[in-house]
Amino acid sequence: MIDLHLAPVERHAAVVAVELSDLGKDFRRRGKRDGSGAALDGVTLTVERGECVAVLGQNGSGKSTVVRILATLLLADRGSATVFGHDVVTEAKAVRRLVNRVSVEASFFKKLSASENLHYAARFYGMTSGQTRGRIPEILERVGFPAARRGEPMENLSRGMQQKVALARALLTSPVLLLLDEPTTGLDPRSKLEVQAFVREVREAHDATILLCTHDLTEAEALADRVGILDRGRLLCLEPVDELNRRYGAETLEEAFFTATGREFDDEGPDEGVKT
Amino acid sequence: MTMKHELIGLGGVVERNVYLTRRYIWWDLAFFGWTVANTLTIVFIAEGFEATGGQIDVERATTTLLIGAVVWAYLGIIFEFITETVAWERWEGTIEYTFMAPLSRGMHLGGTGVFSVIYGLLRAVLLFVVVALFFDLALEGANFGAALVILIVASVSFFGIGIMTAVLPLLSPEKGAQLGFVAQGLLLVVSGVYYPVSVLPDWMEWLSTISPATYALDGIRAAILDGAPLSSLWHDIWPLIVIGVASIPLGLWVFSLGERHAKRRGTLKRSG
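Line order of the protein sequences matches chains L and C.
Be aware that the first sequence starts at -17, since it is given in the numbering used here, and climbs by one per residue.
Be aware that the second sequence starts at 9, since it is given in the numbering used here, and climbs by one per residue.
Only chain C is shown next, with the shape it has when bound in the complex:
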């Protein structure tokens, strides 16, 4: 199969996800409503802290929390799509037809990654705008372009780690997909999603240095809160590139081990 055929196959995965999103659009809107509510419960914490007598820069804290919640939601969409690539196909029974097609696993999962990044970015931007409307945030100086670039660069690493979690439903059809959420939670808890990583115990702070979410959150906050230009965010960008370059082959290798294990044990198809 030539590279052209591989890219057509990748396009096929994107096409399938477009069809599915169209069919489930009302469910997606309902989940979006849930995400907005969930984000609001976090972002209101800043105002609540002040109302109960705490001393805090409410606007800065609100924006900090909002960025954390949006990145959390974005990461959730990427992990959900990639992990569900396997879980959903098992449930529908199509997994064997996909795995016996002459399409490399990289392109197969890459198609899901491309769609999840595009869809996730749209959802993240919409979530940010909708929740920001609840608060009187002064974002005139924010550099949204730089923030978007950071999120896109970070997406490569998120995708690589997502591939590793996508193998979990191959190992456990019953609980594997849920374990993807555990990975998402672990990644964010060490990355300073709602707090600076300096408050973490030493060993967790060390873990934050190998988490791409740390650099994504740091760079996006600097761009939005301080209006930092892209050129000044290189210290966040290069680690994201390094982690991204390493995580995709590592993710594919981990996935290939899981696929081989499932093919040996005959659990590729089992749906329950």
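Bound-form chain L, shown alone:
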């Protein structure tokens, strides 16, 4: 296990955890070489260590593209991205040690059990069987996963249960930057609240920096210190909810989103090229 022993957030408030500078990405499509396939267009932002920043956007706005670039899974066409000062392209391995991710799909080998999926995944982060033997049951218990179902194939579990295992997988590796890409989409209200409570706990107990990409306004408001609006690959703003509402003369975040983008929140955006 990678044990980072981080100091409390307050003492390092000025440390930049994520820095995106003029980040751009195009997905070339047949017959479209005019730039209209831009998934990201000059996105610049910083996230400080210990912060939770939510990025709001419709489907296809570029949220997943940001997450994938930070996770070293996608190469940007323009600009740069760093995680704790490490460039995501030239220092990809250093970045990978610091980052983990929970996406909308709880991707697992479906025939394997929760326990088996976590065991092998932990090895990729250098954790021995001696370390995982006690840690995995402990972490599954913390996310509210029933002990009796640890050996059951993932395909027998509900989406809510699978998402808890996904959270456990992410937390198991002690990431200092947690990328949450619509982690509660499709969950029932109870599971959604459980996941959100767990995210708060992770942030407080593990000193993790969180980048939350979502189209759930309530979730963004409940969890984030600052909220950004990403529209057609452009980051329109990034500030605390109160300031954001004030900027757009809005009473609610939804109203602010509408004023900022000129579109309803539930409208479908353009394809992002790669979707989670």
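Be aware that a few hints might be false.
FRET-style restraints, in silico, Cβ to Cβ [as the list claims (entries may be wrong)]: (1) L:Ala187 with C:Trp246: 38 to 44 Å; (2) C:Val190 with L:Pro222: 53 to 59 Å; (3) L:Asn138 with C:Gly62: 55 to 61 Å; (4) L:Arg60 with C:Trp96: 55 to 61 Å; (5) L:Arg229 with C:Leu265: 43 to 49 Å; (6) L:Ala187 with C:Val26: 30 to 36 Å; (7) C:Gly56 with L:Arg131: 51 to 57 Å; (8) C:Met212 with L:Arg131: 52 to 58 Å.
Don't read these hints as lab results, they were simulated from the structure.
Each residue gets a CB set at the ideal place from its N, CA and C atoms; glycine is no exception.
Use these hints to put chain C onto chain L, whose structure you have.
Chain C alone, transformed into the frame defined by chain L:
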């Protein structure tokens, strides 16, 4: 990440494949049955040739065909495992989690290679024994130890070439994995899988000299048919070592190009 962590990661890939093989064991047994049937259809050709009036040393021809079929099946398992490393993970959706882990690609693919070699050897030995039981083969003088050593040395090259085919699903999620079978077929057709390479046209015979399967088949046949000791098989072993040493870095380089291409185009995850 230290070498110790890298080796733990490699062990993780082996561990995952053990879990998966356990879960799919009945399917594996069914495929083994198919492989036995497929091998028998080839090996019976020798007896069939004699029965239709042909002049042939049936026992030698049967053993020659059996060795060819077993090596074919072994190569198939190695290529299948390594190519499916990517294809299967895309299908399950785990590929992004694997590729964002701090594990070098060499160790990641190496874990699959180690498992596929162990699993493939077990299957190959079992296949040889089961099919040999159908025929009254006199194998008392066979040097099975030398044959096994040749197969293990050849596995390094097979693994290196397998890495190159593993990149195909990154380039084409729909057809890439099947192209791995094409590579396997091409490799064996120039390597004398059921015939001596001398019967090939000149340009194909030249290709046989750069195929590791040529030396593997030649060495294994000499060990089993003639009981050749390992010391007399050096002319097959050294080319296997040379090709093996060259093919792994070449395979990793080809894979890195494919991975970069997929990361640029955003096709790492796409599953269909």
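The hint says 53 to 59 Å between Val190 of chain C and Pro222 of chain L; measuring C-beta to C-beta, is that right?
57 Å, holds
Quick one: are Ala187 of chain L and Val26 of chain C within 30 to 36 Å, going by C-beta?
34 Å, holds
Using the Cβ atoms, figure out if Gly56 of chain C sits within 51 to 57 Å of Arg131 of chain L.
55 Å, holds
Is the hinted range of 38 to 44 Å satisfied by the C-beta distance from Ala187 of chain L to Trp246 of chain C?
At 58 Å between Cβs, range violated.
Do the Cβ positions of Arg60 of chain L and Trp96 of chain C conform to the proposed distance bound of 55 to 61 Å?
Since Arg60 of chain L and Trp96 of chain C have Cβ atoms about 34 Å apart, the given range 55 to 61 Å is violated.
Taking 55 to 61 Å as the hint, is the beta-carbon distance of Asn138 of chain L and Gly62 of chain C inside that range?
Because 57 Å falls inside the window, the suggested range holds.
Per the hint of 43 to 49 Å, is the separation of the Cβ atoms of Arg229 of chain L and Leu265 of chain C within bounds?
46 Å, holds
Is 52 to 58 Å a correct range for the gap between the Cβ atoms of Met212 of chain C and Arg131 of chain L?
Distance hint for Met212 of chain C, Arg131 of chain L holds at roughly 57 Å.
Hint check: violations occur at hints 1, 4; the rest are consistent with the structure.
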